[in-house]
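Turn these sequences into a full structure, and let the hints steer you where they fit.
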Amino acid sequence: MRRFLSTKVGPRQGATATQEQVCMDYICAEAPLFLDTPAILGVPSSLNCYHQSLPLAEMLYARGSGLRASRNQGHAIVTPDGSPAE
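Residues in the sequence shown are numbered consecutively from 1, following the working numbering.
Bear in mind the hints are in silico, worked out from the structure with no lab data behind them. Here the structure is a predicted model, which is why all the values come from computation and not from measurement. Glycine included, C-beta positions come from ideal geometry on N, C-alpha and C. Please note: incorrect hints may appear among the correct ones.
[Claimed, not checked] For each label pair, taking beta carbons as the anchor points, the in silico distance ranges come out as: (1) LEU5 to LEU33: 16 to 22 Å; (2) GLN19 to ALA39: 28 to 34 Å; (3) ASP36 to LEU5: 24 to 30 Å; (4) LEU33 to GLY66: 17 to 23 Å.
Pasting the structure below:
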């Protein structure tokens with residue numbers, strides 16, 4: 001969370017407690033959709049599309065042990081043509 005916020009605030013300015021809480025609230029609200037939208041919606045599969053790379057998504061969609069997205073849950077970074085994914 002702090003790594004992500006560090007790219008959104010000034011270089012000499014750390015994130016405030018309020019900004020950190022808003023970020024944490026967002027993560028908690030979005031996590032179920034990143035993890036297993038098919039189970040939530042009762043569908044066979046789902047693709048989560050986002051406009052930028054997120055450290056949370058990198059972790060959830062990586063291989064290995066730990067908290068991981070359902071095998072029926074995909075993730076894509078979608079950007080305008082010619083724009084790099086951050």
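Comparing the hints with the structure gives:
With their beta carbons about 21 Å apart, LEU5 and LEU33 fall inside the hinted range of 16 to 22 Å. Between GLN19 and ALA39 the C-beta distance comes to about 31 Å, which sits within the given range of 28 to 34 Å. Between ASP36 and LEU5, the C-beta spacing of about 26 Å keeps the proposed range 24 to 30 Å intact. Remark: the range hint 17 to 23 Å for LEU33 to GLY66 is upheld by a beta-carbon distance near 19 Å.
Every hint, counting from the list given before, is met by this structure.
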